[in-house]
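Q: Just so you know, the sequences run in chain order B and D. Here the first sequence is numbered in my numbering, starting from 115 and rising by one per residue. Here the second sequence is numbered in my numbering, starting from 70 and rising by one per residue.
Watch out, some of these pointers could steer you wrong.
[Claimed, not checked] Covered stretches of chain B (chain D as the covering partner; in silico rule of three or more C-beta atoms under 8 Å from a C-beta of chain D): (1) 138-152; (2) 341-348; (3) 406-420.
[Unchecked claim] Listed below are the simulated SDA-like cross-link pairs for lysine to any residue, each with C-alpha atoms no more than 20 Å apart in a straight line: (4) D:Lys183 x B:Ile179; (5) D:Lys183 x B:Asp197; (6) B:Lys206 x D:Lys183; (7) B:Lys206 x B:Glu293; (8) B:Lys203 x D:Pro245.
None of these hints come from the bench; they were simulated from the model. Just so you know, even glycine gets a beta-carbon here, dropped at the ideal spot from N, CA and C.
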Amino acid sequence: MHTFEFIRPPNQAAAVATAAQSKTAQQGADIRFMGGGTTLIDLMKLNVETPDRVLDINRLPLDQIEATPDGGLKIGATVRNSDLANHPKVQKDYSVLSQAILQGASAQIRNMATVGGNLLQRTRCVYFRDTAMPCNKREPGSGCPAITGHNRTLAILGTSEHCIATNASDMCVALAALEATIHVQSPKGSRAIAFHDFHLLPGGTPHRETVLEPGDLITHVTLPPPIAGSKQLYLKLRDRASYEFALASAALVLTIAGGKMTHARVALGGVGTKPWRSPEAEAALTGKSANEATFSGAAEAALRNAKPQSENKFKIELAKRCLTYALRAAAAG
Amino acid sequence: MSDANPKSHPPDPTRRKFLLTSGSGVAASLVAGYVPALAKDTGVESDPSPTSTGSNIEGAVPITLRINGKEHSLRIDPRTTLLDCIRETVTLTGTKKGCDHGQCGACTVHVNGKRVLSCLNLALMHDGEEITTVEGLGTPDAMHPMQASFLACDAYQCGYCTSGQIMSAVALLKEPCGPDDAAVKELMSGNICRCGAYANIVEAIQQVRKRA
Numbered sequence: 115m116h117t118f119e120f121i122r123p124p125n126q127a128a129a130v131a132t133a134a135q136s137k138t139a140q141q142g143a144d145i146r147f148m149g150g151g152t153t154l155i156d157l158m159k160l161n162v163e164t165p166d167r168v169l170d171i172n173r174l175p176l177d178q179i180e181a182t183p184d185g186g187l188k189i190g191a192t193v194r195n196s197d198l199a200n201h202p203k204v205q206k207d208y209s210v211l212s213q214a215i216l217q218g219a220s221a222q223i224r225n226m227a228t229v230g231g232n233l234l235q236r237t238r239c240v241y242f243r244d245t246a247m248p249c250n251k252r253e254p255g256s257g258c259p260a261i262t263g264h265n266r267t268l269a270i271l272g273t274s275e276h277c278i279a280t281n282a283s284d285m286c287v288a289l290a291a292l293e294a295t296i297h298v299q300s301p302k303g304s305r306a307i308a309f310h311d312f313h314l315l316p317g318g319t320p321h322r323e324t325v326l327e328p329g330d331l332i333t334h335v336t337l338p339p340p341i342a343g344s345k346q347l348y349l350k351l352r353d354r355a356s357y358e359f360a361l362a363s364a365a366l367v368l369t370i371a372g373g374k375m376t377h378a379r380v381a382l383g384g385v386g387t388k389p390w391r392s393p394e395a396e397a398a399l400t401g402k403s404a405n406e407a408t409f410s411g412a413a414e415a416a417l418r419n420a421k422p423q424s425e426n427k428f429k430i431e432l433a434k435r436c437l438t439y440a441l442r443a444a445a446a447g
Numbered sequence: 070m071s072d073a074n075p076k077s078h079p080p081d082p083t084r085r086k087f088l089l090t091s092g093s094g095v096a097a098s099l100v101a102g103y104v105p106a107l108a109k110d111t112g113v114e115s116d117p118s119p120t121s122t123g124s125n126i127e128g129a130v131p132i133t134l135r136i137n138g139k140e141h142s143l144r145i146d147p148r149t150t151l152l153d154c155i156r157e158t159v160t161l162t163g164t165k166k167g168c169d170h171g172q173c174g175a176c177t178v179h180v181n182g183k184r185v186l187s188c189l190n191l192a193l194m195h196d197g198e199e200i201t202t203v204e205g206l207g208t209p210d211a212m213h214p215m216q217a218s219f220l221a222c223d224a225y226q227c228g229y230c231t232s233g234q235i236m237s238a239v240a241l242l243k244e245p246c247g248p249d250d251a252a253v254k255e256l257m258s259g260n261i262c263r264c265g266a267y268a269n270i271v272e273a274i275q276q277v278r279k280r281a
């Protein structure tokens, strides 16, 4: 691990002011905020992350879950994943979020990992994690050995010729379906970012994963008021029954009235280079009868643009069946 | 080892103390070089007074850690993980290093009552917080009920993962967990046992839960 200066900023303004001195907020950042550490310390040990300064934000007052005036929910950036998943209001009104978090990682990691950190969770692509190998995400322009190498677990949606790394988060898939908003403090003030605008597709710049700039501190996430009577489900398929990343997952928020789906939000995990909201699937569901033909049509629509690699063609069929099964289960539930 | 006379060893020679005090100069110097606070080791459990240990490493910074109710004033390299600090600086070696990347659970300790992976935390993040390691749960003469249950159920084989399993199991008692074995298995999935003692581990935990 490279040497670094450990700093505990006394307040949010000091944290933002110091972080603004970083050359970038993306891969290669020389100043990093430290939340739970579950991603960052792991990658610092591998020399994938080599910050000169680490800003410990765990003692800033960002650890509350509160109701918002409009009836939604405000979730502080340092709220632990376990506290969020087990919060009574989340379990009642946003159960897809609770389900997704509890199907991710282990109990210990959920006790450590923060909401802000999970939003910035890095890919598990083995080439990204191994500094002996080229990787466009880690070292722009060095190449992507995954495309011709081990790519069984990698993405089939949103890929580019430069990067096919999967976004590993479960929490983010649920937040995409819940249409969350991410709130950021910067030296210029605060701003709100719609969830689907937060993560970037790899394109020709896979080292840029989010819209964050130096000095941007995620302070909280807000959820809109719960959709009355909605059926919510997170279904995760993986190689092991627990403590494993998704090969394919689906997050659903559905409202059914008179046999027809009046509200449908669909996001997929394990298959995309970012948490994968599927407007195609939502369009195929909204206003339609909740039946098998509609469900399989939505799954076909969601995967229509999938581009498989040498080892992960199975993910197309797996993701379709995952979404179809989840829709069937949610509609029946 | 060159010293073949067992009577020359301490009366209760643990593997570690054997290595540290053995007549083998090679083993002793290797381990002593790795454990700068070696001389403090023997009094750790019985001496309630604060300790002050650490290294003269360039860039070392001061920290006070509260481990098992005792304060340790230390100087550490900022890179030191909580795990390495507990094991190498404070020399509480019950907490084990397995993968060192958050994949095995052998390093599980409690921070402010919650179980965490000490390998994925910097010691500096926990200045002043309440840390509990397996040494703080019980003693051979007065075991924590979970330790006693692991013993009664033979919930281990080689024992390397056991302290992490027990720390997780004790924390699980206070977490939302369904009554059946499947719920226990799910919440214990972050603790890998390569000997495969899982059936007995689940049994040990369930016996404690049923008695509670």
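Q: Indicate, hint by hint, whether the structure satisfies it.
A: Tested hints:
Given as covered by chain D, the segment 138-152 of chain B passes the check, having 4 residues with a CB less than 8 Å from a CB of that chain where 3 are the minimum. A count of 0 residues in the segment 341-348 of chain B with a Cβ less than 8 Å from any Cβ of chain D is obtained; the coverage claim is therefore unmet, three being the minimum. Chain D is given as covering the segment 406-420 of chain B, and this is violated because 0 residues of the stretch bring a CB closer than 8 Å to a CB of that chain, at least three being needed. Of the supplied pair hints, the one linking Lys183 (chain D) and Ile179 (chain B) holds, its CA atoms being roughly 19 Å apart against a limit of 20 Å.
Of the pairs offered as hints, the one joining Lys183 (chain D) and Asp197 (chain B) holds, with about 11 Å between alpha carbons and a cut-off of 20 Å not exceeded. For the proposed pair Lys206 (chain B) and Lys183 (chain D), the alpha carbon gap of about 24 Å is over 20 Å, so the pair is violated. A threshold of 20 Å between alpha carbons decides the hint, and for Lys206 (chain B) with Glu293 (chain B) the separation of about 17 Å falls inside it, so the pair holds. Simply put, Lys203 (chain B) and Pro245 (chain D) have alpha-carbon atoms about 15 Å apart, close enough for the 20 Å limit, and the pair holds.
In summary, the numbered hints that this structure violates are 2, 3 and 6.
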